[in-house]
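Visitor: The residues making up each chain are set out below.
2 protein chains.
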Amino acid sequence: MVGIKGFPVSAKVACQGIEGAFSQSAAETLFAKPDIIYAPEFRDVFEAVDKGLAKYGILPIENSNAGSVTEVYDLFKSYKFFIVRAVKMPVEHFLLGTKGATLENIKEVHTHHMAVKQCTAFLKKYPHIKVVISANTAEAAKFISQSGRKDIAAIASQKCAKVYNLSVLKKNIEDSSNNCTRFICISKECEVYNDADKISIMLTLEHRAGSLYEVIKFFADNNLNLTKLESRPITGSNFEFMFYFDLEAKLKDKSVSDLIDKLKKTVPYFLFLGNYREV
Amino acid sequence: MVGIKGFPVSAKVACQGIEGAFSQSAAETLFAKPDIIYAPEFRDVFEAVDKGLAKYGILPIENSNAGSVTEVYDLFKSYKFFIVRAVKMPVEHFLLGTKGATLENIKEVHTHHMAVKQCTAFLKKYPHIKVVISANTAEAAKFISQSGRKDIAAIASQKCAKVYNLSVLKKNIEDSSNNCTRFICISKECEVYNDADKISIMLTLEHRAGSLYEVIKFFADNNLNLTKLESRPITGSNFEFMFYFDLEAKLKDKSVSDLIDKLKKTVPYFLFLGNYREV
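Quick mapping for you: the protein sequence lines, in order, are chains U and L. Using this note's numbering, you'd call the opening residue of the first sequence number 82 and step up by one each time. Using this note's numbering, you'd call the opening residue of the second sequence number 82 and step up by one each time.
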């Protein structure tokens with residue numbers, strides 16, 4: 082299904098988490114008018130799309146510091162869905178409290194465990210603040226809001242301040258000013274829009290000298306630039322590897338689609354994840 | 082300094098954390114009789130070795146689920162130290178409480194944020210248990226021990242039960258039975274023991290089609306097997322990549338040392354991390 086013209090401005094979209102989650106911001110960047118439903122886990126986002134509760138799903142696929150989100154790649158293996166769009170969002174964390182709360186009086190912060198890792202420097206500066214883990218950052222913000230307490234705060238997105246009526250006690254408490262997360266938009270069907278210029282695939286290789294070389298030679302011979310190559314031990318296996326590739330390529334080029342077909346036949350496991358535009 | 086015979090059985094070793102840390106178990110697997118000093122952060126382990134407070138340092142370099150520990154790779158760039166030994170340790174987490182505590186009465190668990198990620202299934206089964214973050218798992222165990230309370234517990238190593246006089250409330254609460262962490266032993270000097278059969282390097286590549294291919298062709302032409310290839314955006318840069326390679330190779334083979342010299346001259350950035358045995 083190559084060559085669909087414009088990516089839709091509006092659609093029913095499933096996001097992981099609750100209102101105020103980072104995936105909500107991603108959805109609102111990808112679609113002008115998303116109609117968002119929320120699903121508790123990554124798997125539930127795939128399920129919502131599978132059951133037709135939503136046309137698209139929004140998920141994080143890679144963080145510039147923490148690397149690939151293995152769990153999402155693993156779900157592609159089960160569901161065989163496709164990436165139809167992507168967006169790179171800066172990771173920004175805000176310290177949010179109820180009206181009247183001040184940083185000086187905060188004894189405890191609630192947030193997701195990834196945010197703890199991403200705000201190490203801030204948390205080290207305030208060693209007396211106890212850190213409590215929530216299912217996600219938006220849940221943390223909701224909890225603080227409902228508590229009404231002035232001695233506890235949440236680490237969450239700026240959006241959560243508005244959604245949960247909280248005050249910003251400190252903005253941009255994330256460690257690196259260059260930390261980004263890539264979010265993808267998934268679909269049950271393979272939708273390839275006219276502006277698609279990136280291809281994602283995942284595959285395994287035989288464990289012998291040269292097997293990776295041969296795959297990369299395919300790309301080099303076709304003058305395709307690799308923008309990502311990551312090898313990750315397969316979860317549950319003992320250091321067998323899954324390779325994740327991103328290529329600057331268009332499926333509508335015959336040389337590219339031929340290459341994909343050829344690759345498929347030569348490696349033990351191959352999954353085409355989509356041809357899409359990253360905005 | 083190629084061809085040192087036996088890896089020492091005893092040495093002064095710096096580990097990150099405090100007594101009971103996972104790096105202590107790694108040190109005790111690598112050395113029959115390690116004389117361990119503890120350093121608070123990864124950087125402090127490098128510092129301890131740099132200042133001669135310890136001959137060797139023990140650090141995690143890669144987890145089979147979470148991938149490479151970018152922070153440790155980054156420290157190699159500053160310190161130019163070498164890997165002289167490695168060991169793969171299974172990730173095992175235990176729920177530890179004071180004497181008389183039972184799982185049923187636990188209202189709060191303390192642990193490191195990585196352990197939260199690694200015990201997701203267990204924590205989901207007990208949603209009423211509040212999770213509080215500690216600097217590391219051993220600190221969490223120490224805190225529980227000192228508190229004397231029966232309603233709070235730590236997620237930490239089995240070793241911590243003995244070190245901090247705690248009871249095992251539940252063993253092996255980690256998600257995957259195959260989750261491993263590779264620990265490395267670092268040294269200021271490049272020590273290559275006779276049994277060394279693995280080479281680690283890190284490098285950057287020019288951003289053009291074929292640049293990665295050319296590097297991998299080097300390896301394939303020399304019949305060297307790649308056991309790891311990971312690309313990671315460089316921290317603080319905007320999706321520029323650092324590549325981490327592990328090779329099955331011996332520096333004492335002239336073809337290998339020639340290859341290393343050649344590579345060094347062709348890529349923008351190159352760092353040889355060591356030739357060592359993984360036990």
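Among the hints, erroneous ones may be present.
Which copy is meant is left open, so a pair is good if it fits within one copy or across any two.
In silico lysine-lysine, DSSO-like type, Cα no more than 27 Å apart, as pairs [unchecked claim]:
{"hint": "1", "residue 1": "K132", "residue 2": "K205"}
{"hint": "2", "residue 1": "K345", "residue 2": "K298"}
{"hint": "3", "residue 1": "K206", "residue 2": "K93"}
{"hint": "4", "residue 1": "K346", "residue 2": "K298"}
{"hint": "5", "residue 1": "K198", "residue 2": "K252"}
{"hint": "6", "residue 1": "K93", "residue 2": "K298"}
{"hint": "7", "residue 1": "K335", "residue 2": "K188"}
{"hint": "8", "residue 1": "K114", "residue 2": "K211"}
{"hint": "9", "residue 1": "K206", "residue 2": "K158"}
{"hint": "10", "residue 1": "K333", "residue 2": "K240"}
None of these hints come from the bench; they were simulated from the model.
Visitor: Taking 27 Å as the upper bound on the Cα-Cα distance, should K206 and K158 be classified as within, between, both, or neither?
Guide: Only across copies: K206 and K158 sit 26 Å apart there, 42 Å inside one copy, limit 27 Å.
Visitor: Please work out whether the CA atoms of K93 and K298 approach to 27 Å or closer within one copy, between two copies, in both situations, or in neither?
Guide: Answer is neither: 41 Å inside a copy and 46 Å across each miss the 27 Å cutoff.
Visitor: Could you figure out if K132 and K205 sit no more than 27 Å apart (CA to CA) within one copy, between two copies, both or neither?
Guide: Classified as between; 25 Å across copies, 44 Å inside a copy.
Visitor: Regarding K198 and K252, is the shortest C-alpha distance of 27 Å or less found within a copy, between copies, in both, or in neither?
Guide: So K198 and K252 pass the 27 Å test inside a copy (17 Å) and across (26 Å) alike.
Visitor: Can you give me the call for K206 and K93, within, between, both or neither, at a CA distance of at most 27 Å?
Guide: So K206 and K93 fail the 27 Å test inside a copy (42 Å) and across (31 Å) alike.
Visitor: First find the shortest C-alpha distance between K335 and K188 inside one copy, then the shortest across copies, and answer within, between, both or neither for a cut-off of 27 Å.
Guide: Close neither inside one copy (61 Å) nor across copies (60 Å); limit 27 Å.
Visitor: Using 27 Å as the alpha-carbon threshold, which applies to K345 and K298: within, between, both, or neither?
Guide: both (15 Å within a copy, 21 Å between copies)
Visitor: With 27 Å as the alpha-carbon cut-off, assign the pair K333 and K240 to within, between, both or neither.
Guide: Neither. Shortest intra-copy (39 Å) and inter-copy (57 Å) distances fail the 27 Å Cα cut-off.
Visitor: Is it within, between, both or neither when you check K346 against K298 at 27 Å Cα-Cα?
Guide: Cα proximity of K346 and K298: in one copy and across copies (16 Å, 22 Å).
Visitor: Between the shortest in-copy and the shortest cross-copy C-alpha distance, which are at most 27 Å for K114 and K211: within, between, both, or neither?
Guide: The answer is neither: 39 Å in one copy and 37 Å across copies each exceed 27 Å.
Violated hints, listed in ascending order, are 3, 6, 7, 8, 10; each of the other numbered hints is respected by the structure.
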